[in-house]
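Participant: I would like the entire structure built from these sequences, with the hints used as guidance.
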Amino acid sequence: MPKDHGIGAPIRRREDLRFLTGSGRYTDDINLPGQAYVRFLRSDVAHGRIKRLDTSAAAAMDGVIRVFTARDFENVGGLPCGWQITSRDGNPMAEPKHPIMAEGKVRHVGEIIAAVIAETPGQAQDAVEAIEVEIEELPAVIDMAAALEEGAPKVHDDLPSNLCFDWGLVEENREKVDEAIRNAPHVVSLELVNQRLAPNAMEPRVAIGAYDKATDEHTLYTTSQNPHVIRLLMGAFVLGIPEHKLRVVAPDVGGGFGSKIFHYAEEAFCTYAAKVVGRPVKWTSSRSEAFMSDAQGRDHVTKIELALDEEGHFLALRTHTLANMGAYLSTFAPAVPTWLHGTLMAGTYRTPLIYVNVKAVFTNTVPVDAYRGAGRPEATFQLERVIDKAARELGMDPVEIRRKNFINPDQFPYETPVALVYDTGNYHATLEKLEELADFGGFEARRQESAARGRLRGLGVNCYIEACGIAPSNLVGQLGARAGLYDSATVRVNPTGSITVHTGVHSHGQSHETTFPQVIAEMIGIPEDQIEIVHGDTANSPMGMGTYGSRSIAVGGSAMVRATEKIIAKAKKIAAHLLEASEGDIELKDGKFTVKGTDREVAWADVTLAAYVPHNYPLDELEPGLEETSFYDPANFTFPSGAYACEVEVDPETGKVEVCSFVAVDDFGNVINPMVVDGQVHGGLAQGIGQALLEQCVYDENGQLVTASYMDYAMPRADDLPSFTVDHSCQTPCTHNPLGVKGCGEAGAIGSPPTIVNAVIDALQRGGIRVDHIDMPLTPARVWSAIRAAS
Amino acid sequence: MVEISMTVNGKPVTAEVEPRTLLVTFLREQLGLTGTHVGCDTSQCGACNVHVDGVLAKSCTMLAVEADGAEVVTIEGMAAPDGTLGVVQQAFQDHHGLQCGFCTPGMVMSAAALLKENPDPSEEEIRAFLEGNLCRCTGYHNIVKAVRAAAEAMG
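Here the protein sequences line up with chains Z and V, keeping their order. Going by my numbering, the first residue of the first sequence is number 1, and it counts up by one from there. Going by my numbering, the first residue of the second sequence is number 792, and it counts up by one from there.
Honestly, the hints are just simulated from the structure, not real lab data. Honestly, I wouldn't trust all of these hints.
A short, non-exhaustive set of chain Z residues, derived as facing chain V with CB atoms under 8 Å [claimed, not checked]:
#1 9
#2 12
#3 679
Listed next, with one range per pair, are the computed distances between beta-carbon atoms [unchecked claim]:
#4 V:872 - Z:580: 17 to 23 Å
#5 Z:393 - V:909: 33 to 39 Å
#6 V:874 - Z:735: 52 to 58 Å
All residues carry an ideal CB built from backbone N, CA and C; glycine is no exception.
Facilitator: Here you go:
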């Protein structure tokens, strides 16, 4: 019987009631009195010089309030980058200005050239179309290798080249790794592309800026995963608005997946322009705009080499990656291919020597930044693909070669050669569970059944690890972060005992309003419905870093636990006073304080009332009230891991891949609400399978984004996906946070792409078709072409 | 401006609109029924689904004037007047068929339309019917479960 209350209970979500009845309050549902509307003129060329920009006709049109160009932002800062990477030669990364509007030159399709504010969205759009702009088109650099060639057109004229940085991990090990690979009996290598993706939260971005002349206060309503971060970046670095005069509100947000972490030009524009025109200014992105203005994800090209001994033990690993930054550095872009990617190259294995080189490159494309998994899917994909190839070349079973190289349960804490210390895990356990759930033993019969229908069946496995719960501030500071990565909670106990929690993290699908109360309900013993979670408004939550990197429960939840512990400690003092007992004898259980070994008790609500009506209260020792804040800075990353398997059928005549089954076994440590965790995994799997089979941002050679709508960008649909089997019964609790939790938001997207590709290659190989690798997405055309080329 | 009249969630409505006004814009901006969402501009995502004269329609793909005289039902009209969730809505909550909630109104309208024409759909039929609704959060797994459960509850 599952629990019906507290930690571990699969309780239904309270947020569903508003979403299911159309009562949610997303940013686009907000309309402020006197609001005007902005539409942007965006570049339709990837690279060019603005020769002429004439906005006079637009400015004279009906309903137009004002037209803005880059000239209006001369005294405003560029969009800041929040992470600095240092190159191998000791130099800081190249960090070109990222202006709100193009200054003289456009560098990607979709870059903002001008803006029109008008009385209605239609009038604003009509006027945008009346702006005359003449752009001298320049050769665009799209391909990363070409961008690094001598004499390539430069995205930024004032930089020496298109190289942003050239980073190594760990540089001191480079020669040792080279030598180990030179001397190894087997070296298996692969060149692979981790293609560019569009995050595609279903809610397009929206921003509404407002300014109150009476108080000199600015408010920005925005679709953000981290309103405090936006307030800090935009206030301090872009617009120069002191934080006490700037409020950022992120109400219900319709999905983020990373793309709503970053500070975008449209947010700064609406905030700034609202003051200039003296009216609230609203921008609602269209989906087409989203494709060319939301930061995109992935886009790595990698060569990976794995050295093995005769028995299949991993000896050394070396990777060289080109990582596309796009035209400008988005907020956390430099961290993704470096510290979120290189550090994961050990995977779940004991590889003793690893060297990772990453060259980040500017191109005339939309900026790239974190997208669900951010760096970890790229790492996992390379590693798990090359391991599969190694197993094939050495004639070993792909499951056994993994098992043979696993870090064993008695080796934790385990320090990898790439700067991480895994606190806990049991990779054998998840793999064993996978073997059971995926019925490996029955595969051969299923394969024969498929073969009888002319289909090639394959089985793919993958064992991933990720670093989540980002992150210890002092560590990330050393690694180049220009921010701390703690989080916060204020637990406010109301006089009659109900509780309002103000959290610095943000829910945009993660279910915090349901799951966070489960934790406090467990700690105090009061019902969940007595606890409310408030988030998404800098005016009423403590400074927090927001939600991404599967960090909400591990960092924000830990802050809430710490604050609740302080509450309980104080409440026990009050209870001791009321019960005339020693504080050390007071116990809290089921919402009651009791004196140990007696039947004397006082209810939770009587204690909380005493805190606010302190007539009988130890005022000489204790302040009235019951409200505590904690800032929690984690001691380490958390390390969720797992083992995935899938079976696919390939139609050799058409190249079409069908996913027949998918089993995901994850170790997330302790689980607060298993129903919610299942849902998080399902969503991640769909995005990962989408990457493996369907999705890709395609630019043509001129930098035109060919896939700028759902007509051209293949989103996974219900009939593209199977039902999933997910399991999180293997639990090695995190050793350094109070809940023992690891985070579950990204696992599915990290673990599934290599599982699918491994299965497809397995299907082809078992069918006698000698194909080692196909780049994602494995569309019918690509698979069919690979089959034809091999036969 | 053009005057139009229709019934929305059982209530008669008369208003003046610009001829180019989309039905979804009319519902959201003029009637304040913001449960119907816009997730794309190419009629692919289904977040804007409503029922027009009992038929599933993408309200971003029809003009408000085309709904003149019609009976329109939006997500706001799917629960009982006392707030009790409809069968499909309740199944979505029971089976965790939503996360961020943005695609949800359109999903519920689609699911209700499916069950009207096919009261006992298979998993495959549900997946095929929902191909006009995009969800980025759930991987569709629990949505499919919810629709199946709603079919059984309506039995």
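Participant: Would you say the C-beta atoms of residue 393 (chain Z) and residue 909 (chain V) sit inside 33 to 39 Å of each other?
Facilitator: violated (51 Å)
Participant: With a cut-off of 8 Å, does the beta carbon of residue 9 (chain Z) approach a beta carbon of chain V closely enough for the hint to hold?
Facilitator: At 13 Å from the nearest chain V Cβ, residue 9 (chain Z) fails the 8 Å test, so the hint is violated.
Participant: Under 8 Å, Cβ to Cβ, is where residue 679 (chain Z) needs to be relative to chain V, so tell me if that hint holds or is violated.
Facilitator: holds (5 Å)
Participant: Determine whether the Cβ-Cβ distance between residue 872 (chain V) and residue 580 (chain Z) falls within the hinted range of 17 to 23 Å.
Facilitator: violated (54 Å)
Participant: If you take the shortest Cβ to Cβ gap from residue 12 (chain Z) to chain V, is it below 8 Å?
Facilitator: holds (6 Å)
Participant: Do residue 874 (chain V) and residue 735 (chain Z) keep their Cβ atoms within the hinted range of 52 to 58 Å?
Facilitator: violated (45 Å)
In this structure, the hints that do not hold are numbers 1, 4, 5, 6, in rising order.
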